[in-house]
Amino acid sequence: MSMKILVADDDRIIRDLLSRSFTDWGYEVQQAQDGEEAWRMLGAEEAARLLVLDWQMPELDGLSLCRRLRAASDLPYVYVIMLTGKGNRADVVEALDSGADDYLLKPFQSDELKSRVAVGARVVAYEEILARKNRELQQRLNELAASRASFTNIVDKSVDAILIVDPEGVIRFANREIDTFFEQSADSMVGTKAPFPVGPAISADIALAGGRTGEIRVTETEWEGTQAFLAVVRDSTERSRIMDELRRAKEGAEAGTRAKDLFLSKTSHELRTPLNSIIGFARILLEDEKGGVDGRAVTFVERILKNGTHLLALINDLLDLSRIESGGMDVRSEPVLLPALLRETAEAMAPQFEEKGVELVVECPESVRPVMLDEQRLTQVLFNLVGNALKFTKRGSVTMRVQADAMGLVPECLDVIDTGGGIPSGELAKVFEAFFQVDAGTSRRHEGAGLGLSISKSLLTLMGCRLQVASRVGSGSVFRIVFPDGSPPPLRYPGQDGETRA
Amino acid sequence: MKTVAIVEDNEDNRLLVEVMLEDAYDLAFYVDAAEALEGLPRDVPDLVLIDISLPGMDGVALLGMMRAHRRLKGVPAIALTAHAMAGDRDRYLAHGFKGYVSKPIESRKALVAAIEALL
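First to last, the protein sequences are chains A and B.
Residue numbers for the first sequence follow the working numbering, so the first one is 1 and each next one is one higher.
Residue numbers for the second sequence follow the working numbering, so the first one is 1 and each next one is one higher.
Some hints here could point you the wrong way.
[Claimed, not checked] Straight-line distance between alpha carbons at most 35 Å, and here's what the computed DSBU-like set of lysine-lysine pairs gives: (1) A/157 / A/114; (2) A/266 / B/98; (3) B/2 / A/260; (4) A/394 / B/109; (5) B/109 / A/356; (6) A/306 / B/98; (7) B/2 / A/306; (8) B/73 / A/266; (9) A/193 / A/306; (10) A/86 / A/106; (11) B/109 / A/157; (12) B/109 / B/73; (13) A/391 / B/109; (14) A/394 / A/356; (15) A/114 / A/133; (16) B/73 / A/306; (17) A/266 / A/430.
Please keep in mind that the hints were generated in silico from the structure rather than gathered at the bench.
Bear in mind that the values here come from a model prediction, so they are computed numbers and not experimental data.
Make the full structure from the sequences, and use the hints.
Put into structure tokens, the structure is as follows:
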């Protein structure tokens, strides 16, 4: 874009002459016939920045326009070349003093005018570059100021005290929060020694104002180009208080658990001691050579023995349940061989099954790998499940069945399936509750306190297994132990999938 | 006949063990650890049944004293105790008892089997 020149002269002939020359030299030309008009044009948008001005004009002469231009701080810089017929030194000085940049005597030579205008054009071009750079700088400064303001805002609003300390321990910067921590204003602390030790990687507790405690962390940093330390102080009063409370609560809970375990252990001991005599002497009485009881007395002693044994089982169950609930029961993780475990369980329970005329079936692939469980606890659960199944089965069978993956290697679950009366669907969800028994409310046909399934479920949970049940009245029940990571097929009640009942 | 000593403070339990074992062994009874430590060295038995919860020194401490005693250190001991919660058996075996029988005693047969295993 070519540069604009404003020619201000009241003599139209000179104006046109100048304009033609400037146009020839590649400038864009505007014209004004007096000072006032020139002044108005210079105030417009995109006004000329190069002014060739006649000294003597009506309304507003060249000198006055010059002075007015220089006094107007809101106008961009205008390069002024003054034209005049006055030729002495004092006139030159007056023109330059009024603010003109250059001075050309009439009559002037065309080539001199061209050169002088070219100088002006260069100055205006430089001026524009300078102005642009200046605007850019100003914008950068504004951005920096905004960035600093948000930094200061973040640091001041931080609930932590943030300090910069030089290697001599003198505070170089402190945020506002420090006022509340040290009862001194941030400004008054800058330049003084830090009231805490500084050094690389320090982490310590310090006393704060008002009896509060703080936690200080020091890391190395730079501040204004030199090595320094960044210290962050956090009020840890509340945290310390909560930690203390937690520790006390934990100690209390642990003491409670210990007390409960001790109580359970003592209770167990004190209940078993008299049972030793009750059960022991009842047995002695029933022995032929020593007992010496006969007739109805035998039945009475048998009742004593039966009830004593039942009481012992109850006590064992209750103590187990209490221990599980108090978290005092530990389970082991050891390889358990299921085929052997099932065989041993079947052997141990065989007499009870024979007595009742119910068949006990074991189905377990010999190839299955051991499962990692607590063998003693798993045996306890199995005895319970199989014992339960027998208790509620009048005829037919009880089956212990291990299901493994397709290869017959990884055991998925252990089902205990009976052909007993089954559990009404409305009561299925309650079978794992303590003291629950199907029909318990109406008639206590079945022995036991109803703790077995509850204990079994808790023990299995401790071992990472799940206990599931499916049942239908008239078809029987199946209780399923799902091994950890086991993914067995869906659980169905006996006979549901067309299986023939034993 | 082999001699079995019983350290037991509960009179009923002493009587029960006596009835269970009198046909099979010569029996010697002590009511606490102090009495046992006095009598056992004079009349060293083949085996000792020790109740754990004894007045004064308990059964575990008594076993410790026996282990330190020249004449008693080789005598096998069975813990005969109503401490029968999970882990109790392992704990007493770790203390040096060679056998463990919980109360209530399951049967005469079980008690005799535990004793015979160590004689």
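Checked hints:
no. : hint          : in the structure
1   : A/157 / A/114 : 64 Å, violated
2   : A/266 / B/98  : 24 Å, holds
3   : B/2 / A/260   : 43 Å, violated
4   : A/394 / B/109 : 32 Å, holds
5   : B/109 / A/356 : 25 Å, holds
6   : A/306 / B/98  : 31 Å, holds
7   : B/2 / A/306   : 34 Å, holds
8   : B/73 / A/266  : 30 Å, holds
9   : A/193 / A/306 : 85 Å, violated
10  : A/86 / A/106  : 8 Å, holds
11  : B/109 / A/157 : 82 Å, violated
12  : B/109 / B/73  : 27 Å, holds
13  : A/391 / B/109 : 27 Å, holds
14  : A/394 / A/356 : 8 Å, holds
15  : A/114 / A/133 : 28 Å, holds
16  : B/73 / A/306  : 41 Å, violated
17  : A/266 / A/430 : 32 Å, holds
Consistency note: the structure conflicts with the earlier hints numbered 1, 3, 9, 11, 16.
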